[in-house]
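A.B. asks: Below, each chain spelled out in residue letters.
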Amino acid sequence: MPPLVEVRGISKRFPGVRALDDVSLAVAPGEVLALIGENGAGKSTLLTILAGVQPPDAGELFVDGKPVRFRGVPDALAAGIALIHQELNLADNLDLAGNIFLGREPRRAGWLDLAAMHREAARWLAMVGLDLDPATPLSRLPIGHQQLVEIAKALSTQARLLIMDEPTSSLSARETETLFRVVKDLRGRGVSVIWISHRLGEVRELADRVVVLRDGRNAGEITDRGEIEHERMIRLMVGRDIDRLARRPSHPPGDVVLAASDLRTPAHPAHAISLEIKAGEIVGIAGLVGAGRTELLTTLFGITPAVAGSVAVSGRPVTPRTPIEAIRAGMALVPEDRKQEGLILEMAVRENVSLAALWPESRAGFIDAAAERRLAREMIAALGIRTPGDRQIVRFLSGGNQQKVVLAKWLAMQPKLLLLDEPTRGIDVGAKAEIYDLVHRLAGEGLAVLFVSSEMEEILSLSDRALVMHEGRLAGGLSRSELSEENVMRLAAGNGSGRMSA
Amino acid sequence: MSGQQGTSDRSPPAWRLLAGAVSPKIFGIIGLLAAVCLYTALASDNFLKVGNLENIVHRTALFGILSIGVAFVIITGGIDLSIGSVVCLVGVLLPWLLTTHGWSVLAAVGFVLSLGAVIGLVHGLLVTKLGLQPFVVTLCGLLVYRGVARGLTQDQSQGFGTGFKGLRSLATARFPVLGEGGFELPATTLIFLVIAVAAAVFLNRTVWGRYLLALGRNEQAARYSGIETGRMTLLAYVISSTLAAVGGMLFVLDINAAQPSDFGNFYELYAIAAAVLGGCSLRGGEGSILGLLVGSALMVVLSNMINLVHPRYQNVEFAIIGGVILAGVIADELVRRAARRRPAV
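One line per chain: the protein sequences are A and B, in this order. Note that the first sequence ends on residue 502 in our numbering; no numbers are left out. Note that the second sequence ends on residue 847 in our numbering; no numbers are left out.
This is chain B alone, in the form it adopts within the complex:
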């Protein structure tokens, strides 16, 4: 929750724009991220190596894109469980169309991104027009898209081989920022930053962003105030699936191999977890882009920590990540309760 009353009336600085409405909450999660980073850096010499840092930034960007998408749906009070399967479908379709079917790069990229938008549109229509529950609609999506991906490719792994270097550089390019041998900024990070800033501006500075936040908090009052809540909700689902398609495309361009049976598995849960860690309430109406960024980074660093410091525990990676998230959410709830302990006056 934002401050109870305003003292400053100057235009908010840039970080406030990214932070949106939940700035106090962000410090907790930033603290958690810093703690995990510090621990890993002390326990492993490899953590601060340039290559590892680049990798962390790169993976944060990829998961962050998914997380921004799902955050829009979460802000409306909905959920999108289909993200991992959309990542998979796009991830196998793109190389399949380019290599097996010989589509042009433009056509193939255009097609997979439009496919994402159409999937979101269908979800949104089912939720707003038919009144189905978001959980059910997107759970079915989760099953359907993975099934389709496996069927189309007959479960064969898809990749670009040695071709499409130009297209792949979208995900693989690195830009040196500190001279030779120094830190190189991954292209994915730039793409992520562009999307993040656009999302933050949209959410905090435009009428539609305000409408989304309003309807997430109280849909009925929003409707009574003349907001086309159905259309706005639809838009949120389109954004979510489209960004999932963008993410799926970047993932496959980066890895150059997509196995239909497990590509993108559990990614929706990573994205949702990052959003929740970053301050989105599953009750709707709350969310900040800076929080998402930090939440995504935390997910990636946690995984990195297990790899570097406790490689023996890789089997229990999910349990560790789940435990840390749960601890974070419990701490947040306790803080919230303490803050709420002031009754109506």
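Okay, chain A solo, but in the shape it has when bound:
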């Protein structure tokens, strides 16, 4: 039996980047194929080509063994290939039936045939395990169920191959379970699935076969279900071994760099927070979403000025009211939302890197173009930023490289205290490891680091010690020897008394 869909030798270039280079892949009927790779490996480009969004520069596509050429998404749909985007494409002002048949509504004499529409919709909803009235407004459904509606919609177009791009990224654990059941059930009915995910655990559970892309090329394949395991997948994605949990030796802490006493943030004015960070220390702040961690950082950095309390950097009182005051005192903040707060996406790498250091590098206000270029190139080399050049527009870089540009911007002004808010959110495994290495190197050079993370693994592996916040207050501090998932969770949930070793 020929593969349901096959691509051979696909290449695709964009200005300055070779997104895909001679990539081949085949999906058999009723197979769940996991497609993995770091950000920027070419996964997204490949699936847009499969779904007819854009044509490849070179290479061939086959459906049922016959060569095809998609001129647009309708062609791909007609061939039975449906792409389910990470962000759902549903209309939340319509009901379920209306969504499933959007644009293809059953009609009778020009009028909507609502009876037929609801009858058919119920059938497709049952197929994905949703026992709901098709007249239910979509907006009443939790996000996980909305995703199932999207799948039902795809199935109703007679899709034989579902391409799912990071389908679980916004689902709860239970919703993920349901989705897994549906996918397994579909596989039993002969529907094929290409599953794109960063979550290797779910790949292990679901995939019959794994195809790995790296730098736009086929990096390898795991064909035996039994051999699908973490280390092997990471090795193929990154091209080398990385030990994820290895803690580096911590550096002997130096003088106190940051001293905050009785600081009250506008978000949680009822709680006073005091903490000290020494040179060379890496301190993690753990806690649940909404515990006031980001607000603590933005208050330290002067974005949301403190209601009360004081901050000193290297013994000098500052208590910044604006980011400029914080920067002058030697602080730097890598914010949570790098696209909105960290980068000028439409500007070049060079201009982003120099933004915070422009003034000291200038002569009477005139930018020293040669110094700026040198700085950008030094930073690109020092941080291993993967970019075709220092004049590349930042928007075209992958997430991990964008984050390195944000870091470069701050390192260029040589801070004493580095505040990091979710430093590796949305960044692939390889870039994560590089950012951890970098943070350690910087701490070794005497930088004080305070970082917020929602990833337990990150808190456990990166911190020299951790602070845990709960509902706006410091619930406790954990020294390195006390650092464990259990201890962090206990404090984050608001019970148990950790030492107040902040």
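Keep in mind that a hint or two might mislead.
Stated by the list, open to error - Some but not every residue of chain A turned toward chain B, in silico, with C-beta under 10 Å:
hint, residue
1, Asp22
2, Glu60
3, Phe62
4, Val63
5, Asp337
6, Lys339
7, Gly342
8, Leu343
9, Leu345
10, Asn352
11, Leu355
12, Leu358
13, Phe366
14, Ile367
15, Ala369
16, Lys409
Unchecked claim - Examples of chain B residues lying across from chain A (beta carbon under 10 Å, computed):
hint, residue
17, Gly665
18, Ala700
19, Val703
20, Asn706
21, Val709
22, Gly711
23, Arg712
24, Leu717
25, Arg719
26, Gln722
27, Ala723
28, Arg725
29, Ser727
30, Ile729
31, Glu730
32, Glu788
Because the hints were derived from the structure by calculation, they are not lab data. Bear in mind that the values here come from a model prediction, so they are computed numbers and not experimental data. We treat Cβ as the ideally placed atom computed from N, Cα and C, and that holds for glycine.
For chain A, the structure is supplied; the task is to place chain B on it using the hints.
C.D. replies: Here is chain B on its own, set in the frame of chain A:
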């Protein structure tokens, strides 16, 4: 948008400085200008006459000064609708102060230019400190300054009569460059060129220019990077209104008559249109001085074309100019879309 990646790392040549960050876009608008010029030259014998060319260069300079001003505000993502009324207020105040009130030239000129700066300061403070929308603030300015101008002068036309020849030569002087009877360069063009070069250097070579471009693209990230975005925005409004005052002064010195009810009417729209044609995005963060120059020239040549070739259609001049601008913007958007058709990798 500038090229995706750099190949040349030598210091950019002078035209790159003027062109700023949007050089590819400029060729389209230069092409449009060339097409309109060619058409007019073929359709009318008068177009290439020395006097007409001088007039085009002269008027391009005057509107170009206004356009450079508003471009600074547009780059921050704002808008300035008050320019025409500032032109009017300054245009009637200058002769009024000099002739009716007998102020000295220095005092009167100093006053009207400072007035422009203060108006910009007020706009900027209302936008940055109070958080009002630029559109609303400057729309009110548009109404207020014209009202004040008409009130002060009781709607009487203001002029210099036969006096103040020396001051007026700022706008009326011509410098022969090709010998007797040849092309004479208007003084306004020299003033414009000085302002244009200064603006280009400021925008592309100084820290503040970079800050303006950065905050226009992403104000939050700029603020998080330690840029005093409020102060920079304020500066943009001051530049805009000050240049509007300079323009108003030159307009009245040139024409020698300012009727408060219609002097400078719609000039803000000419200036904004020229800026947009020249590559400024109303979303902010983009703009080049060379583009403004070409955009202003296009506005002037279009008007000249209607006068020379289709005098019967003078009533519909606005419609024609509007149509051409719309066509240009649509073409630009289509080109941009074609270029954007490359998804994230």
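A.B. asks: All hints, please: hold or fail.
C.D. replies: Do the hints match the structure? See the list:
Of the supplied interface hints, the one on A/Asp22 is violated, with its beta-carbon coming no nearer than about 16 Å to a beta-carbon of chain B, more than 10 Å. Given hint, A/Glu60 at the interface with chain B, is violated; its Cβ is 21 Å from that chain's nearest Cβ, farther than 10 Å. For A/Phe62, the suggested interface contact is broken, since its CB lies about 23 Å from the closest CB of chain B, more than 10 Å. Annotation: interface hint on A/Val63 violated; nearest CB of chain B at approximately 22 Å, more than 10 Å.
A distance limit of 10 Å between C-beta atoms decides the matter here; for A/Asp337 the minimum to chain B is near 9 Å, and the interface restraint holds. For A/Lys339, the suggested interface contact is upheld, since its CB lies about 8 Å from the closest CB of chain B, less than 10 Å. A distance limit of 10 Å between C-beta atoms decides the matter here; for A/Gly342 the minimum to chain B is near 6 Å, and the interface restraint holds. The restraint placing A/Leu343 at the interface with chain B holds, with a minimum CB-CB distance near 6 Å, inside the 10 Å limit.
Interface hint status for A/Leu345: upheld, as the beta-carbon distance to the closest one in chain B is roughly 7 Å, under 10 Å. Of the supplied interface hints, the one on A/Asn352 holds, with its beta-carbon coming within about 9 Å of a beta-carbon of chain B, less than 10 Å. Interface hint at A/Leu355: satisfied, since its Cβ lies 5 Å from the closest Cβ of chain B, which is below the 10 Å cut-off. Here the hint on A/Leu358 is kept, as its CB sits about 5 Å from the closest CB of chain B, short of 10 Å.
The interface hint given for A/Phe366 is met, as the beta carbon of that residue sits about 6 Å from the closest beta carbon of chain B, less than 10 Å. At about 6 Å, the closest approach between the beta carbon of A/Ile367 and any beta carbon in chain B falls short of 10 Å, and the interface hint on this residue holds. Because the smallest distance between the Cβ of A/Ala369 and any Cβ of chain B comes to about 7 Å, under 10 Å, the interface hint for this residue holds. The closest approach between the C-beta of A/Lys409 and any C-beta of chain B is roughly 7 Å, which is under the 10 Å cut-off, so the hint is satisfied.
A distance limit of 10 Å between C-beta atoms decides the matter here; for B/Gly665 the minimum to chain A is near 41 Å, and the interface restraint is violated. The interface hint given for B/Ala700 is broken, as the beta carbon of that residue sits about 13 Å from the closest beta carbon of chain A, more than 10 Å. A hinted interface residue such as B/Val703 counts as satisfied when its beta carbon comes closer than 10 Å to some beta carbon of chain A; here the least separation is about 8 Å, so the hint holds. Hint status for B/Asn706: holds, given a least beta-carbon distance of 9 Å to chain A, under 10 Å.
For B/Val709, the interface hint holds, the least distance from its beta-carbon to any beta-carbon of chain A being 5 Å, beneath 10 Å. Taking 10 Å as the C-beta cut-off, the interface hint given for B/Gly711 holds, the closest approach to chain A being about 8 Å. Evaluation of the B/Arg712 hint against chain A yields a held restraint, the C-beta minimum of about 6 Å falling below 10 Å. The interface hint given for B/Leu717 is met, as the beta carbon of that residue sits about 9 Å from the closest beta carbon of chain A, less than 10 Å.
With its C-beta approaching chain A no nearer than about 5 Å, B/Arg719 sits inside the 10 Å limit, and its interface hint holds. Contact between B/Gln722 and chain A, as hinted, is supported at the beta carbon level, the nearest pair being about 5 Å apart and thus within 10 Å. At a threshold of 10 Å, the smallest CB-CB gap from B/Ala723 to chain A is about 5 Å, leaving the interface hint in force. The interface hint given for B/Arg725 is met, as the beta carbon of that residue sits about 6 Å from the closest beta carbon of chain A, less than 10 Å.
Residue-level restraint check for B/Ser727 holds (minimum Cβ-Cβ distance to chain A is 5 Å; threshold 10 Å). Hint status for B/Ile729 relative to chain A: holds, with the closest Cβ pair at about 7 Å, below 10 Å. Hint status for B/Glu730 relative to chain A: holds, with the closest Cβ pair at about 6 Å, below 10 Å. Because the closest C-beta pair between B/Glu788 and chain A is about 8 Å apart, less than 10 Å, the hint holds.
In terms of the numbered hints stated before, the structure departs from hints 1, 2, 3, 4, 17 and 18, listed from lowest to highest.
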